[in-house]
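Chemist: The listed protein sequences derive, respectively, from chains A and B.
For reference, each letter of the first sequence is one residue, going 1 to 168 in my numbering.
For reference, each letter of the second sequence is one residue, going 1001 to 1787 in my numbering.
Read the hints as simulated data drawn from the structure, not as lab findings.
Any given hint could turn out to be false.
[As the list claims (entries may be wrong)] Under 7 Å between C-beta atoms, here's a sample of chain A residues computed to sit facing chain B: (1) 14; (2) 47; (3) 104; (4) 136; (5) 138; (6) 152.
[Said to hold, decoys possible] Output of the computed footprint for chain B on chain A, the stretches with three or more beta carbons under 8 Å from beta carbons of chain B: (7) 112 to 123; (8) 154 to 168.
Here the structure is a predicted model, which is why all the values come from computation and not from measurement.
Note that beta-carbon positions come from the ideal geometry of N, C-alpha and C, so glycine has one too.
Below are the chains, spelled out letter by letter.
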Amino acid sequence: MANVLTDKEGKKRYLVSFTINGDEHQGLVKANTLFVNFIRDELDLTGTKRGCELGDCGSCTVLMEGKPVNACLLLAVEADGHSFTTIEGLATTNKLDLVQEKFIEYGAFQCGYCAPGMILSAKALLNSNPKPTEHEVREAISGNLCRCTGYVNVVKAILAASGQEVEH
Amino acid sequence: MSIKHQMSIEGNDLRLDFDKEYTQIGKSVPRIDGVEKATGAGKYAGDLKFPNMLYGKILYSPHAHAKILSIDTSEAEKIPGVKAVLTSKDVPDMKYGISPARWDENIFCIDKARYVGDKIAGVACIDEETCYKAMKAIKVEYEVLPTVLDYRHAMDEGMPLVHDNYPRNINTEIHQDFGDVEQAFKDAYHVREDVFTGTRAYQNPIERHSNVCIWKDDKLTIYPSSQSPHYFQYYVAREFGLKMGQVRIVLPLIGGGFGGKLEPSGLEFVGSVLSKVTGRPVMMSYDRLEMFQHNRGRHQGTYRIKTGVDKNGKILGCHTYFLLDGGAYTGLGIATAYYSGALLPLTYEFDNYKFDGYRIATNLPACGAHRGHGAPQPKYAFESHLDNIAKDLGIDPLDIRLINARKPNTTTVNGFGIQSCELTACLDRIAELSDWREKKKKGLPQGRGIGIATGSFVSGAGYPIYRNDWPSASCMIRVNEDGTSATLYSMSADLGQGSSTILCQMAAEAMGYKYENMKIVCGDTETAPLDFGAYASRQTLFSGWAAKRAGEKIKKDILETAAFMMGLPNEDMDLDCVDGVIFSKSRPKVKVTTFEEAAARYFKLKGPLVGTGVYTVHRTGGYHKGAPVGTSPAYSFGVQAAEMEVDEETGKLTCLNFWDVHDCGQVINPTLVKGQIHGALYMGIGESIFEQVQFDDKGKIVNGSMGGYLMPTALDMPSNVINETVESYEPVAPWGVKECGEGSTNPTMGAFRNAIADAVGANVTSLPLNPEHVWRAIQEKKAKDKK
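Extracted from the complex, chain B is given alone in its bound form (with noise of 0.2 Å):
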């Protein structure tokens, strides 16, 4: 790498100019695992074979509550092929979930089942078929419970209780008070508030949660589909009371995961326990059923907000009170919960904010952390309510969003600190695009709207994903003993979102070297130095610190072993390498040499060339209850709008035009990042009119397949797509980078109902935004103009 900088003086200011001279980043090169997944080549989980490889398989409860009074395998043992089954007298005991005052859920449940999908009893088999069998011929006698099926009556006296240490069925409670609200609200020229409801989404990756499992000895070892090696590595470590060195994750290729693949899904400890049973490796699967059933998506919630704004529409104070159904067990939705209110304050200035949350327990599957972790509904709910305010004070949607709008380097009402923030450059440059004003002022044609939404996203999680005192990302670099290639060895995990490639640009850049010549083992415990993986839009800022700091280290070695060979002084830093190249910046005519060369010079010397590089986050946040959840050492921002036509005779939706301006920082692959907020706002765009898990009345999932959860395809999405970058640096961060893969999920759900409500000129309040929820809010609409 390489900036020629030039501090000036601008009236008072200091500026710093910065001429970006990179030459591995910043470029869309092909992705690194390009052409194994373009041929066929590459292996996912589900796609492995070893010698003498059994399968296996869960049985699950079909009842979503139920008390176990026995389990006879005795019949399902005498068939031929069956190799072993178990219950959960043969696995340990103990519970696990993220956060120990909530470890609620064991390998096969004990006592009872809590949802259709409860994990019941394991079987190993020589084929898939057999297992059917074999599960088939488990005899499980079952009590069936009441059930808890609706979140919005678990709380209601005489409710059953999902769990007996959560009274009330109230998982999570949180409070959390910032300045006055009340004060707030008695300044405030208006005060509005509006209730909106969400539902219940699902990741829904391509690729089926499978792994492999091998316990030889006192080794075991996984190949999940997974998307944190590390955090298997402990959770399965800890479950089964081995040292952390005897377990070893090794990452397939993964088949998306957007939060579902974050926490361990059963199949691990079963294919573990199976596989130590029967000294053979064990293929474990789930079908897209069980998928569905195991599920760890979106929370479905009731997001009730009150705001008082001043005349302008500056927001002075606001209240939010949300309940979340969280399903039978915690899993990671503790934080979820409370991100759903924490991550509100990002995107506007306010003093005084006051967040109520409470996640239900119910007999329905457990949910997580969905692409946005817990801020997309709240979200799409704020933006909607804020709508609602901007048309109560005759206020255009952009300009009550230009007044509010975060400006850098603040803090939030909650204790977040900003340094980068481009919002309003983000609201300034959507209306452009979308000629908003114009549109504005002319109005658009009967039955058509235009929306607009903000949203806002860590670029790593401050704290890591479970309580320790280790660095946050490292990683290491081998150069290979001719120079010819190197190899940068993390534990990052690449689910689709490019992180191996872009990781590889950022060695690459730091060393001097060139992309191509790059490779990297990503994910294997055994050989890679600890990440925590990917979630919470974290591995470029992080996992990018440490590849950028081991690459510094190699730089450093190979200048001074070209020093040496070139027979200068290496003392005042005047040699450098670039793309390959190692050169005198103040002596152009001395002959220059390669990185290649140096590199096998050093190895000649001595040994392996190594450099190592190690992140950790500053301290971040307040020290209220909660405080760590939602802080980052840098935030994301950005801009949605959105074009719509409603049939009002039948509320049929078609999304015109779709535009998206995202902050990111620094872009180190435009086609990736490009391919991330496509991503992200094409997920938001299916929760917003399509997606929703639905159940029968015993809470049994009714739409658990491709064809019955409906997703966007090719023919649905908007062919018109717009998508821009803003210029940024966030000071904070390796080339200054922020993350792109999360936060474009977060504005999507609040333009498509603002554009909605815009064109009928009705209060949408209902997730999905299908042709029902839209048409019924139109005839409501209708009848209250009547009267």
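Here chain A stands alone, though its shape is the one from the complex (with noise of 0.2 Å):
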């Protein structure tokens, strides 16, 4: 259990830790803070984007102990002693992950505002599944909304990072 600050008011604050791209990082938070909302406004790491703040839109997915889940549904006090990665922890310094690749190359977003997301649900997809077939890419997707690009070629994208061969 994270240590524990009271305020003279008798607010508590706790303090967390956890690994982020392979980064430590530690942050008093209140009870009710959200992971997202912490990565992004402490952190400044902004690729993980609110959409919903409600779980349904899959945009500020990140990868937590390599599986995918919204951060916006987690709290900062929940991501304690956790290991995550975000879409900035993806591409090592000038080398795209094969997933970022693909998706530009097939064109698989448009406004990019889903894209973080999407990219690591496939990336959890492609790591526990690494052939998986159109079905089960559109499953692991399904919690990703895009607004865009009707997900023809996400669908696309991913199965040619899997290293199927897909028609542009």
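Join the two chains into one complex using the hints; note that each chain is given alone, in its own frame.
Modeler: Printed below as a string of structure tokens:
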């Protein structure tokens, strides 16, 4: 359990620590601080987007221990002790992840607002299922809403990233 | 660019054969913002942060129609962290909207609130949490008034008025009459009338409306989520009595708009004043429900259509009567109302047309310009109606469309000039792709149906969004000193559709340069010259002309410099520059030079190498009332077909196959064009089968969330989507381009409805085509068959 500090009005603050993209971070958060707001506001990791803040749209998808979660449904205190990957952690210096490359090549995003979450959901799928079927791809991204692409090129990009041959 | 062309005479026709050799356009280059979007590095308005920044929110009315008796902000002001509280007395009271006769919206409500969500007060605080506390502490005393929620009865005697100056709640009334419809009906072999109904849909971009406003001294800077930085600049300056030069709009990345971010949302006005009074940057945003309440989405309507045809199905005349639910304010809705009837004569040729339209004011969120602006629901109604006529006459739905299809170089009955039009080629191609004839001949298995529908759309509006006599688009290109890059400065807006990419492709082609060396500054009013932004599918044609002309000026300067460097005369136009290489066309042995070298030399000799380009639309359209709406230099055409399976017990729908064939002129970037078409038909599919903003009996939205307002997920989309473009060249456009982003939304609902009607043999008339509506149509048909 995280360390607790109490201010003069009796409100509690919790000392949390977690690993994001390999870096260790600590923060003093309120009980109701959302993880998405903490990483965006305090750590400036704004690649994680806020779309609905109700867990419906998937824009704020991050990987928690490699699994996709909606960062708007996760409290910062719940994140304590865990390890995360956000979109900023996917590419290494000067080298995009294959999923990112294929998303660009296949035109899998337009406005790009859903792209970070969509790419991370795809990444999580391919980590656990390196050769998914089209239906499995659709299932894996069904929690990530995109208003631009009709998902046509998203599905193609993910299949292509899994090494399967896909027409442009 | 270089085009090899050859004139030849075939029979009596003079033919011009093109052999295109483009190096920068016609190619799926990766989008210019691809890496920043894929890595999360790109900043949208809500991602911005400025030192000392405050957060602002707008308190909205919980009542659909209520007099504001008093507002007490004193308790809110006492809360620590609250830096400013504003009500209507603190902001200008000038009304705004698209057309002066219907400026009817205020920054904050003055006398009464007209829908749940109407703007009452604004707060600026040190964080969002404090904003919510402050809004809760503002005491507003309302006198709740009777409401107008059903647009179909809003004109009735004794109904309350939403605005005193719209008698019988009629916001806009349109009567257009071309030819002699009554005579056409008398001459007709068959006359049929149908009524269809639509629903309210909402654009629902994934990015929420946000902006940061910074008002320092006499200068106001706004970073909004906007489709038209110029329109925002104009409107904000007008509202606050500033000169346009005092207002700077800078676009960050835009997370989708689809028409919903074209007009000011209120956030920029409120944020500006909050920034002025606090002296600090203010971040404003709507949450998802507030976005639904601000709305400006699709008008729902009742569409009555009467058409007379000869015995072959040739349309002789058509009379449309549309009733649209406009909501509480006009916004862009007057244009929607005109568009709804004006665009109908595009796809089919007929000489007699009458359009009666009413846009009705109600105590619901205002509707506006939603992808396909005004056209998709009327088009759904007309395409459904046409299938009913075909069925009456025993004609194949494909044939009735072929008989009536628009031909190139024609003028519509309401005065729109069409040059390129490959509608017939689109129909022929989709028949092949879908195996239409064979399926019609052999018949489909029980519960399956196939449907077809056409569509057309403007490639940019012939008249600007507000009255002015400026050029339609302009831009500027500056080549970097050493020639290794060039920047295009354009006030276009890339909402995701990829305009920044294709404009850079076009500029590079015109310059004889390389796309990968292009940079773009788009949507900054302080650095880029005027362009009206992203609406009415205008940027490829309009902004494209400006980019092409600016590029050609650069190329002229480059070639002149190169001629000097190479010791050759330039007068005979012998030099050319393609893909960054400058060469002599007639003297292949002359050593080539490069764009880079020539550009560097130019800078040393003459200073910055800058080229500007401008485009003004030619005079379009007729002279009747409302004639400007629907005019365009060029029109796209498209056809879609759907094969559906319907479970007759439950009304459950499955789309097995979907085809789209589009005439969008020449294609600059095939991947981006396909993406636009996918997205347009995706929105069409959503609106066909799911999407509907729903209200309770007090006018409150009950499904204002991503979970409540159903949009198709990846699992809901048909996995078999085939789309193609046909060969087409638009003579009035740069490199023959036309639109593709909105037109493909037009046929979708009709194609779905016609496939469903074909599957179940019932006249399905109400959107959305969800299991309930389909099941009810089946039951009605069964009851009728029994009789």
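Chemist: Indicate, hint by hint, whether the structure satisfies it.
Modeler: Now the hints, each set against the structure:
Evaluation of the residue 14/A hint against chain B yields a violated restraint, the C-beta minimum of about 16 Å exceeding 7 Å. Because the beta carbon of residue 47/A sits about 2 Å from the nearest beta carbon in chain B, less than 7 Å, this interface hint is met. A distance limit of 7 Å between C-beta atoms decides the matter here; for residue 104/A the minimum to chain B is near 4 Å, and the interface restraint holds. Against a cut-off of 7 Å between C-beta atoms, the interface hint on residue 136/A is violated, since the closest Cβ of chain B lies about 11 Å away.
At a threshold of 7 Å, the smallest CB-CB gap from residue 138/A to chain B is about 4 Å, leaving the interface hint in force. The restraint placing residue 152/A at the interface with chain B holds, with a minimum CB-CB distance near 4 Å, inside the 7 Å limit. Only residues whose beta carbon comes within less than 8 Å of a beta carbon in chain B count, and the region 112 to 123 of chain A has 6; three or more means the coverage holds. Counting residues of the region 154 to 168 of chain A whose C-beta sits closer than 8 Å to any C-beta of chain B gives 3, which meets the bar of three, so the coverage hint holds.
Figure legend: structure checked against the earlier numbered hints; hints not met, in rising order: 1, 4.
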